[in-house]
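Colleague: Listed below, chain by chain, are the residues.
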Amino acid sequence: MSFAIFATAIISAMLINNVILMQFLGICPFLGVSKKSSAAIGMSAAVLFVMVIASAVTYTLYDLVLYQYGIPYISTIAFILVIASLVQFVEMFIKKTSKSLYKSLGIYLPLITTNCAILGVSEGNITNIWTKTIPYWEGLLIAVTTALGTGLGFGLIIFAFSSIREKLEASNVPDAWKGVPISLVVAGIMSLAFLGLAGII
Amino acid sequence: MSKKENFLKGFLKENPIFVFLLGMCPALAVTATFETSLGMGLLVVFVLTSSNIVVSAVKKWIPHDVRTPAYIVIIATFVTVVGMVTEAYALDLYLALGVFIPLIVVNCLILGRAEAFASKNTVVDSAIDGIGMGLGFTFALVVIGILREFLATGGIMYGVYLPFFVDAPITIFSLDMIINLFTNGFVISDYGLKVFSLPPGAFIALGIILAVFQFKKARKDRKAAIAKMERIAELKRVALEKKKQAALKLAKAGGK
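Protein chains in written order, with the working numbering: chain A, 243 to 443; chain B, 24 to 279.
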């Protein structure tokens, strides 16, 4: 276990297997809240925050509870319940401790429960990282690093895309392509550019 | 709404993907080939129908404040079931769909139907709605899948991921069949647009299909607007004529 593992995990999660452009997770917020840069930043901060906590909690739950008691097949049900209650808890906690943080993240938090990126990363951690032999702490650290990289990648793309979209609003697009279709094609071109990063590692 | 309308509305009028943009993640992720799209669509049909039936059956006993978590647990149960069945009977499909089988849980379409339809209607209507909406979703996925696979390889294959009814993978349709009438040994897949089987192709293919839908809708709207304007002009003309006649009558009466 060395620093290189974490660097690889974070770069591969952020740029190479980008959560939006390569894995297609979290498309709804990608198309929904990316009309304004400020909303995009708020949403991606909330996603990053919840994603890191949720992947730590779900990894722990799987390793220490579900696997130990021989019930890994209910992981989907357990994870979605844990994520839903976690989001609720984080919302209450932020509301109590930091009013300014709540103001900037508050309205995005309820949307996150049905954001497939969170559940997708939690499930992905189990299929890609978890093995019967890996020590708990090592697996947990890699899972959290992957979640951090995924959240950063989500923020990078959604912010870049919202900037492009603000320009797109002002440009003269044919009627049939206005709105979602042209946004999808722009995302396709961005994805094409990110395909070129596959050779980094 | 009759039962037939209820069943058919999911295909074009209220298509989840093309009209409401619900469930976009699987629409982009699993549509690289015709078969994976069909497989995913059928899984969604099953989950949506069963969850609709159960939600509408137990709707009286679910308190209003905790209905969303209750629906999610019901949906997650059926998703776990279909995940296990797929792993047992179609392992290749299970591996190809990967994380998108558990992610059916957070598909907005299923929770949306539970909330908007099944929690207010009877069991039979909810079941019909589930099958119709699910098949509409499948239809959309299959359209995207066929477009992408055709552009990427020049043909449509069956039997690689869904090992039902066939022993070995077969080609349903391929441009080779047509081109090889005139020449020999031509392999269309050498000339395929490979990018359409990769992630960028998913975005671009869905963008093209949505643009076609938007174009048709815009044309329909324009026709409707023109018809409305013509009707208004006609009404105006009739009203003006009446006015003229009234004025003429008045003038005649005044002349006397």
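Hints in this document: simulated from the structure, not taken from any laboratory.
Watch out, some of these pointers could steer you wrong.
To be verified - As a list, the in silico DSBU-like pairs of lysine-lysine whose alpha-carbon atoms are at most 30 Å apart: (1) A/Lys374 <-> A/Lys277; (2) A/Lys277 <-> B/Lys265; (3) A/Lys420 <-> B/Lys266; (4) B/Lys243 <-> A/Lys277; (5) A/Lys278 <-> B/Lys32; (6) A/Lys277 <-> B/Lys82; (7) A/Lys278 <-> A/Lys374; (8) A/Lys409 <-> B/Lys27; (9) B/Lys217 <-> B/Lys272; (10) B/Lys217 <-> B/Lys143; (11) B/Lys272 <-> B/Lys259; (12) B/Lys272 <-> A/Lys420; (13) A/Lys277 <-> B/Lys26; (14) A/Lys420 <-> B/Lys27; (15) B/Lys83 <-> A/Lys409; (16) B/Lys83 <-> A/Lys420; (17) B/Lys272 <-> B/Lys36; (18) A/Lys420 <-> B/Lys217; (19) B/Lys32 <-> A/Lys409; (20) A/Lys420 <-> B/Lys259; (21) B/Lys246 <-> B/Lys217; (22) A/Lys278 <-> B/Lys246; (23) A/Lys341 <-> A/Lys278; (24) B/Lys240 <-> A/Lys420; (25) A/Lys420 <-> B/Lys243.
Said to hold, decoys possible - Far from chain A, by Cβ distances over 12 Å, these chain B residues were calculated: (26) Val68; (27) Phe123; (28) Lys143; (29) Lys259; (30) Lys266.
We put the beta carbon where it would ideally sit given N, CA and C, even for glycine.
Colleague: With reference to the structure, classify each hint as holding or not holding.
Modeller: Evaluation of the provided hints:
1. A/Lys374 <-> A/Lys277: Violated, because 44 Å separates the two Cα atoms, which is more than 30 Å.
2. A/Lys277 <-> B/Lys265: violated (52 Å)
3. A/Lys420 <-> B/Lys266: This hinted pair is violated, its Cα atoms lying about 45 Å apart.
4. B/Lys243 <-> A/Lys277: Answer holds: lysine 243 of chain B to lysine 277 of chain A is near 27 Å, not above 30 Å.
5. A/Lys278 <-> B/Lys32: violated (34 Å)
6. A/Lys277 <-> B/Lys82: Given pair lysine 277 of chain A, lysine 82 of chain B is violated - Cα atoms ~37 Å apart, limit 30 Å.
7. A/Lys278 <-> A/Lys374: violated (45 Å)
8. A/Lys409 <-> B/Lys27: The given pair, whose Cα atoms are some 45 Å apart, is violated under the 30 Å limit.
9. B/Lys217 <-> B/Lys272: violated (78 Å)
10. B/Lys217 <-> B/Lys143: Answer violated: lysine 217 of chain B to lysine 143 of chain B is near 46 Å, above 30 Å.
11. B/Lys272 <-> B/Lys259: Between lysine 272 of chain B and lysine 259 of chain B the Cα gap is close to 20 Å, so the pair holds against 30 Å.
12. B/Lys272 <-> A/Lys420: violated (55 Å)
13. A/Lys277 <-> B/Lys26: Violated - the C-alpha atoms of lysine 26 of chain B and lysine 277 of chain A are around 39 Å apart, more than 30 Å.
14. A/Lys420 <-> B/Lys27: violated (33 Å)
15. B/Lys83 <-> A/Lys409: This hinted pair is violated, its Cα atoms lying about 50 Å apart.
16. B/Lys83 <-> A/Lys420: Violated, at roughly 44 Å.
17. B/Lys272 <-> B/Lys36: Not OK: lysine 272 of chain B and lysine 36 of chain B at ~52 Å, beyond 30 Å, violated.
18. A/Lys420 <-> B/Lys217: Holds: lysine 420 of chain A and lysine 217 of chain B sit about 27 Å apart, inside 30 Å.
19. B/Lys32 <-> A/Lys409: Cα-Cα ~36 Å, so violated.
20. A/Lys420 <-> B/Lys259: violated (35 Å)
21. B/Lys246 <-> B/Lys217: Since the Cα atoms of lysine 246 of chain B and lysine 217 of chain B sit roughly 39 Å apart, the hinted pair is violated (cutoff 30 Å).
22. A/Lys278 <-> B/Lys246: violated (34 Å)
23. A/Lys341 <-> A/Lys278: holds (23 Å)
24. B/Lys240 <-> A/Lys420: holds (12 Å)
25. A/Lys420 <-> B/Lys243: OK: lysine 420 of chain A and lysine 243 of chain B at ~16 Å, within 30 Å.
26. Val68: The claim holds: valine 68 of chain B sits with its nearest Cβ about 19 Å from chain A, beyond 12 Å.
27. Phe123: Check fails; 8 Å does not lie beyond 12 Å.
28. Lys143: At roughly 20 Å from the nearest Cβ of chain A, lysine 143 of chain B sits farther out than 12 Å, so the non-interface label holds.
29. Lys259: With a cut-off of 12 Å, lysine 259 of chain B remains clear of chain A, as the shortest Cβ separation is near 29 Å.
30. Lys266: Non-interface label stands for lysine 266 of chain B: nearest chain A Cβ at 39 Å, farther than 12 Å.
Going down the numbered hints, you'll see the structure goes against 1, 2, 3, 5, 6, 7, 8, 9, 10, 12, 13, 14, 15, 16, 17, 19, 20, 21, 22 and 27, while the others check out.
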